[in-house]
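These protein sequence lines are chains A and B, in that order.
Those letters in the first sequence? Residues 3 to 291, by the numbering used here.
Those letters in the second sequence? Residues -4 to 317, by the numbering used here.
Derived from the structure by calculation, the hints contain no laboratory data.
All residues carry an ideal CB built from backbone N, CA and C; glycine is no exception.
Do not take every clue at face value.
Claimed, not checked - In the DSBU-like style, the derived pairs of lysine-lysine whose C-alpha atoms are separated by at most 30 Å in a straight line are:
| no. | chain 1 | residue 1 | chain 2 | residue 2 |
| --- | --- | --- | --- | --- |
| 1 | A | 174 | B | 195 |
| 2 | B | 61 | B | 160 |
| 3 | B | 199 | A | 174 |
| 4 | B | 61 | B | 199 |
As the list claims (entries may be wrong) - Partial selection, computed: residues in chain A whose CB lies under 10 Å from chain B:
| no. | residue |
| --- | --- |
| 5 | 35 |
| 6 | 136 |
| 7 | 138 |
The primary structure of each chain is shown beneath.
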Amino acid sequence: MTMSKQSDDLTQPLEAGRTFFNTGMTILSGVFTLLGLIPLFLVLFYVLSQGFSSLNADIFTQLPAPSGTLGGGFGNAIQGTMIMVAIAASISVPIGVLTAIFLSEYSRDSGFVQYVRFGVNVLAGVPSIVIGVFAYGVVVTTSGGFSAYAGGFALAILMLPIIIRTTEEALKLIPWELRLGSFALGADRFNTIARVILPAALPGIITGIMLAVSRAAGETAPLIFTALFSQYWLEGLNKPTASLAVLIFNYATTPYADLQHKAWGASLMLLILVLIISIVARIVFRRRS
Amino acid sequence: MTASSKPQIENLTTGSGKLQADTIARWLFQGAAFLVLAVLVWMTVVMAISAMPAISKFGFNFLIDKTWDPIQEQYGGLTFVFGTIASSFIAMLIAVPVGLGIAIFLTEDFLPENVLTPIAFMVELLAAIPSVVYGLWGIFVMAPFIRAFETWMNTNLGFIKIGDKSIFGTPYGPGLFSAGVLLSIMILPTIASISRDVLKAIPKSLRNASLALGATRWETIFRVMLPAASSGIIGACVLGLGRAIGETMAVTMVIGNTPQIDTSLFAPAYTISALLANEFAEANEPLHIGALFYAGLLLFAVTLIVNVFAEIFVRRVSSGRQ
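When you get a sec, could you build the whole thing from the sequences and use the hints?
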């Protein structure tokens, strides 16, 4: 009697309130997840559907045309973005990779390394517009005008923390045994890094650089008052320079439908670049970790 | 120190040229790392010096003065500070619960792992979309939709007032509310993915113990998982806040760029970042440029503090994990 009573107690269903709360929260979290994914699909859908129709060969070869005239493209903006990202990469890649090697290969937990890692994280959190203000103060005011150099400098600072973090991540994935093996064969640190670790980590490092490049290519805030914009092909690295991102901003805020349409086209190009690189990066890093 | 062994040891350890390359390389790596720290200091110094004309003229009055008038050379940043705080606040109000919901959904086993992983990836993709693309989408797709929502709110809840002005005032479309919503989308991946990592790092035994004591899944989440992860989750939220405060292009495109402090949630406003984006390229007067640098310095200081806080919170978790 008492035995069966007890087992009845044990299987007694939960109070309605607790069950309701449990199921309710499960549904709520599912709804929130759905809610978070909707904007992604909406952005992708609109950029694809609006942008696709404005893509043609002219876009790559022509200069911007005033509203109302047929044709015209933004070849100069593509050129400008590529040049400024190249300037940025040539500054940030060496510094970034060297820093990451220091963080990963030399006394990982020493005080100085901790400070640098902290500094990198803080730098990653500095708003891109503030980096633009800094570049304005350093390059534009001293060199006397808006230029591709100024834009490239701002983008370099923006890319730096991304490159350092991803490179450090890639280096950490290399097993310790590889380093020990190299040391055991008599190599010093420098040779171990240059001949064993860097080659092994190269795919990860390149992916990190690509991620930084895709981020820099889409950044607008550090460029609007460092590189400004230009209606013409690049006349020199010390002259105002067009970029895809600033073009989108300028065209989106005009009242002309045909220019707005071009902004969607430019967005599509940026988005394709960013998405492809993100997906590749994801695959590379997941396979290795 | 016998004659036979010494040469061998010398070959191994000194090898003259080789050791030098090693030392030089070390200095190179260390120098690069030092450079990265130096950039932060350089940034602070440059901005502080450039802001000096405005700092010495306006001092802390800059923070409580509402007039921004380049013609009269009178600069006060209160309206921009208000816009920045208000838009970030709205963004946090939306993004924190939704982001946490996503983080929990992705760490629980409601769906099989091979469905959750792509979802987690898609949430992270939100962070990869350039800000200016969000802005473009915000102007042409989201703002009209928001305007419809605002119209509905205005007719149904327009009677809620502060003083004699409605909180849900005239619907505009572009305005504070639009900016807040767009910002919430942009900071969602930061909050969701870091919280998810933190939740995943909590030892399984903790949750099993709670379940074994008879707690339901969500009682376990609320009373065991979330408190255990609280430090990291706070860090994630603060990082999200930092992003929201500094975010520029998307906000500039949908906030309406009107320097005012209005009781209505829907009214156009202006943020510090949008001010910098709109006025820097055209500023010529030294005092105007100084005032803009002052605003930039303010933004830099605030995000710096916010990020250092986040860093401390997130680091506490990761050090506890090891």
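I'd like to know which numbered hints this structure contradicts. Please list them from smallest to largest. Violated hint (a single one): 4; every other hint is consistent with the structure.
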